[in-house]
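Asks: Residue numbers (the working numbering), protein chains in the order written: chain W, 5 to 115; chain H, 128 to 242.
Please keep in mind that the hints were generated in silico from the structure rather than gathered at the bench. Please note that a few of the clues may not be correct.
Said to hold, decoys possible - When the alpha-carbon atoms are kept at most 16 Å apart in a straight line, the in silico EDC-like pairs for lysine to aspartate or glutamate are as follows: (1) W:K49 <-> H:D141; (2) H:K186 <-> W:E6; (3) H:K130 <-> H:D198; (4) H:K184 <-> W:E6.
Quick caveat, the model's predicted, so the values are computed rather than measured.
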Amino acid sequence: GEQVEQLPSILRVQEGSSASINCTYENSASNYFPWYKQEPGENPKLIIDIRSNMERKQTQGLIVLLDKKAKRFSLHITDTQPGDSAMYFCAARPNYNVLYFGSGTKLTVEP
Amino acid sequence: GPKVLQIPSHQIIDMGQMVTLNCDPVSNHLYFYWYKQILGQQMEFLVNFYNGKVMEKSKLFKDQFSVERPDGSYFTLKIQPTALEDSAVYFCASSLGQGFAETLYFGSGTRLTVL
Numbered sequence: 005g006e007q008v009e010q011l012p013s014i015l016r017v018q019e020g021s022s023a024s025i026n027c028t029y030e031n032s033a034s035n036y037f038p039w040y041k042q043e044p045g046e047n048p049k050l051i052i053d054i055r056s057n058m059e060r061k062q063t064q065g066l067i068v069l070l071d072k073k074a075k076r077f078s079l080h081i082t083d084t085q086p087g088d089s090a091m092y093f094c095a096a097r098p099n100y101n102v103l104y105f106g107s108g109t110k111l112t113v114e115p
Numbered sequence: 128g129p130k131v132l133q134i135p136s137h138q139i140i141d142m143g144q145m146v147t148l149n150c151d152p153v154s155n156h157l158y159f160y161w162y163k164q165i166l167g168q169q170m171e172f173l174v175n176f177y178n179g180k181v182m183e184k185s186k187l188f189k190d191q192f193s194v195e196r197p198d199g200s201y202f203t204l205k206i207q208p209t210a211l212e213d214s215a216v217y218f219c220a221s222s223l224g225q226g227f228a229e230t231l232y233f234g235s236g237t238r239l240t241v242l
């Protein structure tokens, strides 16, 4: 299995600033780390992911970092907008089939 | 993008009764999953399913739980009998394959309340 810890659980930022969410995992076999965004009443949607052969990935205002030594990965949202307000979940996959999720971060971007 | 549909979105049931949660996965996907989320907690893996068989299940997948996909239609999670602790949001997901970075697509969940 896998244990994923996610912090913070609640995050409030001002529009235009950056937001960071941190996750740690325990199983050194984990090799794939996706991030999902979930808006109220909607399904969780994949927004960015990173594989274990990478340390950094960036797309459309999102940056993910992976430190395999520390078993830590993080999501950074640059230039946040009110539309970024949502729940964010990190996850880790130690085998082909199963994603293990963090407990989620509720991000609120205030105008 | 690809959509996973879950029916119904809410279900209220008396303890001890049977409930079936339905999932319409992405049409060409082959792997199916159920996750359980208790309010304020993370989504937890229950089971995955491929080619008519359970591939892997967690400790949360009690004997009262069963899954099937009859005739390639809905992927269902049946709980019989239900217990109070089964109250949660159940998310269905599907994926095309099970490769290294295969994306899981989630439905919007069924909120189950057991009274």
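Asks: Each hint needs a verdict: does it hold in this structure or not?
Replies: Now for the hints, and whether the structure bears them out:
no.	hint	in the structure
1	W:K49 <-> H:D141	violated (32 Å)
2	H:K186 <-> W:E6	holds (13 Å)
3	H:K130 <-> H:D198	violated (20 Å)
4	H:K184 <-> W:E6	holds (14 Å)
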